[in-house]
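So the protein lines, in turn, are chains A and B.
For the first sequence, the working numbering begins at -6 and goes up steadily by one.
For the second sequence, the working numbering begins at 10 and goes up steadily by one.
Treat the hints with care, since some could be wrong.
Said to hold, decoys possible - Covered stretches of chain A, as calculated for chain B (at least 3 residues, CB under 8 Å):
hint, segment
1, -3 to 3
2, 203 to 217
3, 270 to 281
Stated by the list, open to error - In silico EDC-like cross-links for lysine to aspartate or glutamate, where the CA-CA straight-line distance does not exceed 20 Å:
hint, chain 1, residue 1, chain 2, residue 2
4, B, K149, A, D121
5, A, K208, B, E82
6, A, K364, B, D65
7, B, K120, B, E163
8, B, K132, B, E82
9, B, K140, A, D50
10, A, K364, B, E119
11, B, K231, B, E207
12, B, K230, B, D204
13, B, K37, B, E207
14, B, K85, B, E114
15, B, K120, B, E134
16, B, K286, B, E296
17, A, K87, A, D121
18, B, K78, A, E363
19, A, K104, A, D50
20, A, K208, B, E114
21, B, K137, B, E119
22, B, K247, B, D280
23, B, K191, B, E163
24, A, K90, A, D50
25, B, K230, B, D273
26, B, K140, A, D121
27, B, K243, B, E294
Since the hints were derived computationally from the structure, they do not count as laboratory data.
Note that this is a predicted model, so its numbers are computed, not measured.
In this text, a Cβ means the ideal position worked out from N, Cα and C, and glycines have one as well.
In case you want the letters, here they are:
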Amino acid sequence: MNLSFRRVWAITRKEFLHIIHDSRTLALVFLMPILQLILYGYALNLEIQRVDMAVIDYSRSTASRHLIETFNGSRFFRLFELNENPSQVGTLFKERKAKVAMVIPPDFARKIRKRFTTPVQFLVDASDANAATLIRNYCNRVILTYNINSGNKIQLPFNMGSTVFFNPNFTSAYFFVPGLIAMILIMISALLTSVTIARERETGTLEQILVSPIKPAEIMIGKVFPYIFLAFLDASMILAFGAFGFKIPFVGSLTLLLILSILYIILSLSLGLLISTVASSQQVAMMIAQTATVLPTIMLSGLIFPIASMPKWLQYLTYIIPARFYLLIVRGIVLKGSLLAELLTPIAVLVVMTVLFLIAAVWKFQINLEK
Amino acid sequence: MTAINIQNFHKFYGSLEAARGITFSVQKGEIFGVIGPDGAGKTTLLRAICTLLLPDQGSITINGLDVTKSVGEVRKILGYMPQRFSLYPDLTVHQNLQFFADLFEVPLKEKNERLQQLYRFSKLEPFKNRKAANLSGGMKQKLALSCALIHRPEILVLDEPTTGVDPLSRQEFWEILHTIQKEGTTILISTAYMDEAEQCDRVVLFFRGRTVGLDTLENLKKKYPYRLYWLKAKNLRKLLDFFQTLENVRAIQLSGDTLHVGFDTVPAAGDWQAWIKATAGNLEEWESRPPSIEDVFLDLMRRPQ
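The shape of chain A in the complex, shown without the other chains (with noise of 0.2 Å):
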């Protein structure tokens, strides 16, 4: 393929002179990643705090205060004595008064003087299997530090102890972020391309370019280029408010990570061509592009959900989200300070992935007027 450089350059200026005129466009670019960044940023957050737990004491000992002392000592409870019998506590979780109850039981005080072991009953509200889970397992840790403290401790024939690598205190943001990092780009630049041929087509533009030696391929890659250089300034802008705004420790390489991005945007900005080829309006194009960025990306690439615990077949269909591949590398890069020689197999399926896109878009485009 025979292609001019030339007329490349022509479609190229003229895209730019669109962008740098089209003023609206231009603040959603730069608004809409950042105020995405703060409603998910802020909103997706797995953490649980200050769970309100109802404390049924017939023990009324100083070892049951102390046991109570040590609940309230962790920011993760906020408890609450009740003075009633534990059948209750029903009410209690329909009323959304409470999530868990802790039921300490009369010979409490007596049994731990004399090193039995006492069960202390725990009911957990369930409705939220996610946060039952993470209250459960809280209540373990808890108990497990007062058994420490009252020197109660049990012993094993090992000793089990784990160090959590890369994100200690298990910050929601510090593995959302580079994830909404991921989506936001992919949504905002497949939009940008997206609508571009769609909208000579409607404004009938492509008409009058149709019938000059252009070919499809030097469309294409002209109007790639200057959406490269408008989403990679998007990409650094949401870059630096993830990192700042959200305070990421940044571990590894900054320039590693932003020239992959531009790698992941050229990909984004081929889908969003691709898109433009087949849609028939902007509207139906603008309506494609975000159906098949921002759902598959939130569902599909591990941005929220552990890709490991879907169904098998749901796992194979995550190959085909880009961000799921694009996760591995801002992940990698930010929170482990990866090196590009360990992130070859992502790349890779990106750049495939890219040269997809781009071929089907040219093999789709119409280089006439027929449906």
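Model the placement of chain B on the given structure of chain A, informed by the hints.
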């Protein structure tokens, strides 16, 4: 020498047949008019000539090249100006011209000279930094024409370029077209304005996807079979109603403040007197006239296909 040759061209949009077997050819160097009312199928034909639509049946060749097979070559030969204004409204006059010069790869050495030439005849130079959106209708059309001419096409295809343009700009536009013709360019132009047929060397008359007439305007008028009179009256509507009922009348139409009536044979002096009486003096004047393009077109349109 034939520039454009169209043989039995058919085009369907679903069940609607926009072109029903069109055959004609355009000679090199002529201004050829495609005349017909809206919806006659003019745009469909012009788009097919410009490789933008594929014929469902029949063939179209440009300089002997098939438009469905030699798309690239044909697009280099043709200059096309679509019916809708199809330039970039947010780009300036100069930016639009630059863009199309690059798109058609006008050699860089010639580019400036070519732009100057186009500025000269379009008189757009003073507006070169104005955005296309802010041009008047006539100036927009001249800019579109300049863009279509940028690569010195051998054949220029114009789809209703003068629609919605003021009379003065229309006249100026036609003057430009005649200048281009003198430089050796073949021009195929469609229009719904009958009077513009006068400007063409030959015309084809289109009606409902068919050609109903094809010749020079002069010959078409010569072939008009009736004796045409222009009639004036106090009340033209009533006069129309009256003459419609006469056996001798073959064609009749209101045109401005006159009624055009085509008779089988020349009416005798006595006939006119009788008609004045019959209309109670409504008929005031009559004059024998050669047919206008409207008369010719309406007659051809009404004939059974």
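Each hint tested on the structure:
1. -3 to 3: holds (count 5)
2. 203 to 217: Since three or more residues must qualify, the claim that chain B covers the segment 203 to 217 of chain A holds, with 5 doing so at under 8 Å.
3. 270 to 281: violated (count 0)
4. K149(B) with D121(A): Cα-Cα ~64 Å, so violated.
5. K208(A) with E82(B): 13 Å, holds
6. K364(A) with D65(B): Distance ~13 Å between K364(A) and D65(B) Cα, so the pair holds.
7. K120(B) with E163(B): Status holds; Cα separation ~18 Å.
8. K132(B) with E82(B): It is violated: about 31 Å lies between the C-alpha atoms, which goes past 20 Å.
9. K140(B) with D50(A): 81 Å, violated
10. K364(A) with E119(B): 38 Å, violated
11. K231(B) with E207(B): OK: K231(B) and E207(B) at ~14 Å, within 20 Å.
12. K230(B) with D204(B): 13 Å, holds
13. K37(B) with E207(B): 19 Å, holds
14. K85(B) with E114(B): At roughly 10 Å apart (the allowed maximum being 20 Å), E114(B) and K85(B) satisfy the hint.
15. K120(B) with E134(B): 15 Å, holds
16. K286(B) with E296(B): With Cα atoms ~18 Å apart, K286(B) and E296(B) stay inside 20 Å; holds.
17. K87(A) with D121(A): 13 Å, holds
18. K78(B) with E363(A): Given pair K78(B), E363(A) holds - Cα atoms ~15 Å apart, limit 20 Å.
19. K104(A) with D50(A): Since the Cα atoms of K104(A) and D50(A) sit roughly 15 Å apart, the hinted pair holds (cutoff 20 Å).
20. K208(A) with E114(B): 13 Å, holds
21. K137(B) with E119(B): 19 Å, holds
22. K247(B) with D280(B): 18 Å, holds
23. K191(B) with E163(B): 12 Å, holds
24. K90(A) with D50(A): Answer holds: K90(A) to D50(A) is near 18 Å, not above 20 Å.
25. K230(B) with D273(B): 16 Å, holds
26. K140(B) with D121(A): Answer violated: K140(B) to D121(A) is near 59 Å, above 20 Å.
27. K243(B) with E294(B): 10 Å, holds
Consistency with the previously given hints fails for numbers 3, 4, 8, 9, 10, 26, ordered from lowest to highest.
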